[in-house]
Amino acid sequence: MKMKAKWASAPYIIWMILFTIIPLAMIVYFAFTGSDGSFTLENVKNAGVHIPTLANSIYLALISTVVCLVVAYPFAYYISRKSYSKQKMMVMLVMLPMWMNFLLRTHALSALIEDNGVINTILTSIGLEPLKMINTQGAVIFGMVYNFLPYMIMPLYSIMTKIDNRTIEAAADLGANTLQTHRSIIVPMSVPGIISGITMVFVPSVSTFVISGLLGGSENYLIGDIITAQMLGSAYNLHYGSATSLLLMIVVLVTMIIFNGLDSEDTEGMLA
Amino acid sequence: MSNNTIIELKNISKSFDGEPILRSINLEIKDKEFITFLGPSGCGKTTTLRIIGGFENPDEGEVYFLGKKINNLPPHKRQLNTVFQKYALFPHLDVYENVAFGLRLSKTPEKEIAKRVHEMLAMVNLEGYDARRVDLLSGGQQQRVAIARALVNRPKVLLLDEPLGALDLKLRKEMQIELKKIQKRLGITFIYVTHDQEEALTMSDRVVVMNGGVIQQIGSPQDIYNEPANAFTADFIGQSNIVPGVMHEDYLVSFAGKKHKCVDGGFAKDEFVDVVVRPEDIKFGEPSADVICGQVSNVTFKGVHYEMTVSPRGGVVSPATLGVPENGVYGALPVPKNHDFIFEGWYTKRIGGHKIEENSAIYKNAPHVLYAHWTVYGERSGAPTEEIGYPTGEEYTVYFESPETDESFASINCENGVYAELPTPEAREGFSFAGWFTKVDGGKRAEEGAHLLEFEDHTLYAHFTPVASGNPVTHKVTFDPDGFDVWVAQSTQVTPVGTEVGLYIDPENIHIMPKSGWHKHSDEDIEEEGGDVK
Chain A
1 MKMKAKWASA PYIIWMILFT IIPLAMIVYF AFTGSDGSFT LENVKNAGVH
51 IPTLANSIYL ALISTVVCLV VAYPFAYYIS RKSYSKQKMM VMLVMLPMWM
101 NFLLRTHALS ALIEDNGVIN TILTSIGLEP LKMINTQGAV IFGMVYNFLP
151 YMIMPLYSIM TKIDNRTIEA AADLGANTLQ THRSIIVPMS VPGIISGITM
201 VFVPSVSTFV ISGLLGGSEN YLIGDIITAQ MLGSAYNLHY GSATSLLLMI
251 VVLVTMIIFN GLDSEDTEGM LA
Chain B
1001 MSNNTIIELK NISKSFDGEP ILRSINLEIK DKEFITFLGP SGCGKTTTLR
1051 IIGGFENPDE GEVYFLGKKI NNLPPHKRQL NTVFQKYALF PHLDVYENVA
1101 FGLRLSKTPE KEIAKRVHEM LAMVNLEGYD ARRVDLLSGG QQQRVAIARA
1151 LVNRPKVLLL DEPLGALDLK LRKEMQIELK KIQKRLGITF IYVTHDQEEA
1201 LTMSDRVVVM NGGVIQQIGS PQDIYNEPAN AFTADFIGQS NIVPGVMHED
1251 YLVSFAGKKH KCVDGGFAKD EFVDVVVRPE DIKFGEPSAD VICGQVSNVT
1301 FKGVHYEMTV SPRGGVVSPA TLGVPENGVY GALPVPKNHD FIFEGWYTKR
1351 IGGHKIEENS AIYKNAPHVL YAHWTVYGER SGAPTEEIGY PTGEEYTVYF
1401 ESPETDESFA SINCENGVYA ELPTPEAREG FSFAGWFTKV DGGKRAEEGA
1451 HLLEFEDHTL YAHFTPVASG NPVTHKVTFD PDGFDVWVAQ STQVTPVGTE
1501 VGLYIDPENI HIMPKSGWHK HSDEDIEEEG GDVK
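Chain order of the listed sequences is A and B. Note that my numbering has the first sequence beginning at 1, numbered continuously upward. Note that my numbering has the second sequence beginning at 1001, numbered continuously upward.
Where hints are given, some of them may not hold.
Stated by the list, open to error - Beta-carbon label-pair distances, calculated as ranges:
no., chain 1, residue 1, chain 2, residue 2, range
1, A, T121, B, R1104, 49 to 59 Å
2, A, Y78, B, T1300, 35 to 45 Å
3, B, L1073, A, W15, 58 to 68 Å
Read the hints as simulated data drawn from the structure, not as lab findings. For every residue, glycine included, the Cβ atom is placed at its ideal position computed from N, Cα and C.
Could you build the full structure based on these sequences and the hints that come with them?
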C-alpha cells in the first residue's frame, strides 16, 4: 500500500520539480549572478531601490484584504445559516464572476470607471461633474476587492458552515448577545477560514500587475509591474528582475509565517 | 395560575412549512419539579422546549415565566439554561473556559469565576479536568461539561434536550441517577425531553406524554403507567396488550369474546373502547369457559422475568358473530363522509403485507384479519385532483356493521394511506373472498382504483363464500374482531410452550379508555384538518 501511494504521487512530484523547483532555482541563480555569469550581490542591492514601491504594494494589498474580510465575513455567515439548497445557490452566485476571465473582468471594470467611461457618461448626461476614478489608488483597491472577494468568501463560508447551530444557540443560551456570540464563538471558530482567506487574497494582491496596470495608471506602479517590466518589458534585465522577485517572495513568505503562527496559536486543536 | 408555577404555556401552536408541529399546547410547570416531555420523534417535544428556551417563536399562544410574558425575550435574556443535544460544547475552549463562558459574559470577577467553575466541575465529578480539550473527552465527560456549563449561571430552570441520547446504556443509567441527584440538590426546575419512556419514568416528578403536537396526558410516572388516558399513552408507556372492546354498562366490558368486570365507568351504553392490560397483570390459570383461553406460543427470558405470548385458541375467541346470508359473509365499512378514498386492494397487513387476490381462500390458520387499503383523495366538494397528506399517527376509527351484533368494528388509519380492518370468518372450512360490493346482496363491485364517492352511502360490503360447498349457505361463523391474535404476559415463573392456559385478569388491572381517534375526530375535525394540509 505504501509503495502504491508513493507511486501515485509521482506525477505531481515531477510537475513540482519541473515547474516550481527548477524555475525557483533559476531565479535564485539569476538573482545572484551578473550578465557574465559571475556571482554578485549587485542585483539584490539594486532591487533595494524598489522598497518604497514594495511597501506601497503591501499597503494596498493589506487594505484590499481588510475590505474583503469586512465584506465577506457577514455575507459568509449569512450563507452558512441558510438551508442547504439556498447555500448551494448562493455559493454559485459568489462563484459566478469567476467563470469569466480575470483580464476581461478587469478590462470591463476599467471601461466602467474610465474618465469617459460608462459611469462618467451617465453622470455628465444628468448634469453632474465627472468623477476621477481610474488611475487612482482607490481604483486599484477596488479592482483587487472586485477580483479577489470570492477567494475570501469561500474559505470563510466553508468553515462557518461546519459550525453547528446548537453551538451558536448555546452561546445565546449562556447570555451572549449577537455581538458577543460572534466575538467569542464564531470568529474564533472561523480562524482557519479567516487565515486561508487572507492568504488567498493578500498573496495575489501584493503581486498583481494587471489590476494596477489597467486601473492604476503610472502613479500607482506596484512591485508586480516593476517585475513584469524587468522580466518582459521595457526595462529588460533578467538578473535584476529575479532579484526583485526574490525580494517579493521573501516578503510574502514572512507574511505567511506570521499568519500561520497566529493560526496555530489561536486554534490549536480545534481542527480535529 | 397557582403560586408555585414558574413557566406557563398558553395555547401554543407552531407550524413549520405549513406542517403543524404543536397544536394548542397548555401547560403549567411548577417550581423545583422535574418534568419530562415524552413522545416519539416528531411529536413536538423538542419544539416545545425550544419555545421555552427562546430559540423558536410560537405562531400562536403565550409563554409566561414567573407570571411575565416572555414571548419576545431573546434567549440570552431568559433566566434559564439549556443542555443541548450532542452537548454543543465550544471546541476552541478548554473545559474550564467552556464552563466559565456564561460567567465571563456577566463580567463576574475572576476569583468568583474560578470558585464557581470549580464548584460545578466538582459537582459533575470532573475535578482536575480544567485544561483538557473538550473534543478529547469521552461522551460522558462532554455531557458533564455541558451540564456544568449550563448550571454555572445558577438558572431557575434547566432545559435538557435528550441529553443522554448519545451515551451507552450503562452510562445513561448512571447519569439518570446523577441528574436526579443534582436536581434535588440544587432545588431548581428541570425540563427534560426524551423519547425513552424508561428514562422518563425513572427521573420525573411529572411526565407530559406528547404525540402529533398534542399533549396526550400529564401525570406522575405512576399515573401514566397505571392509568393511561388513551391507547397511545398505554402503548408508548411500557408494554401493553391493547384490544378493542365494548363497554356494556358501568363496570362491565367485553373484549376478546368474554365479559369482564372492571372498575371504570362513565361511558355510553355499548360504547366501543380500547382495553389495556399490562403484561405483568395477566395471571395464568386453568382454562375455563369464563376466561380467555389459549396456548403459550413463545417464551422469552428477560432477565428478571419471563415474557410469554399466548395465542388464543380459534373458536374459543368468539366475541362477535356475523350472519352469513345467502351469498356469504359481509362486513360493512363506513368511512368519513368528507373525503373520497381510492380502494387499493385487500391485504394481510396494515402496512405492506401480502395482497389477497379475489377467490383466494382464507383458511382457519391464516390471519383472521384483512386490511382494506385506501388512499385519501381530494375533498368531496372540490374536484378530486390532489392527494391529501394526513399527518402521520392520526387515527380515524370506523366500525363495521353486522346484522346480528354491533360488536364488530374496524379502524381506519391515515398513517400510510387509509386502511380498514375487516374481521374474517374463522370456521372449520375456508372461505373465499368474493370481492367488495356496494350491497349485501349483489350490487356493484368495487374495483381497485375506484373512488369511494362512486359508491352509495359510503358503505362497502365484503363478500365471502365457503370454499367447501362452493355454494353460499347460511350458517354462523365466529371470528376475532380485531386481529389481536396474541397476548403478552410477564411472570417470574416460566410456563412452558404449548401449555393450555386461561388468562386471569383482576378487574382493577383492566384499563378502559375511549377510542380516542373516533371521539376526537368528528367529521368537522376531519374537514378542518383536510383544509390544513395541502
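Cross-check of the supplied hints:
no., hint, in the structure
1, T121(A) to R1104(B): 49 to 59 Å, "56 Å, holds"
2, Y78(A) to T1300(B): 35 to 45 Å, "55 Å, violated"
3, L1073(B) to W15(A): 58 to 68 Å, "60 Å, holds"
The structure is inconsistent with hint 2 alone, although it conforms to all the rest.
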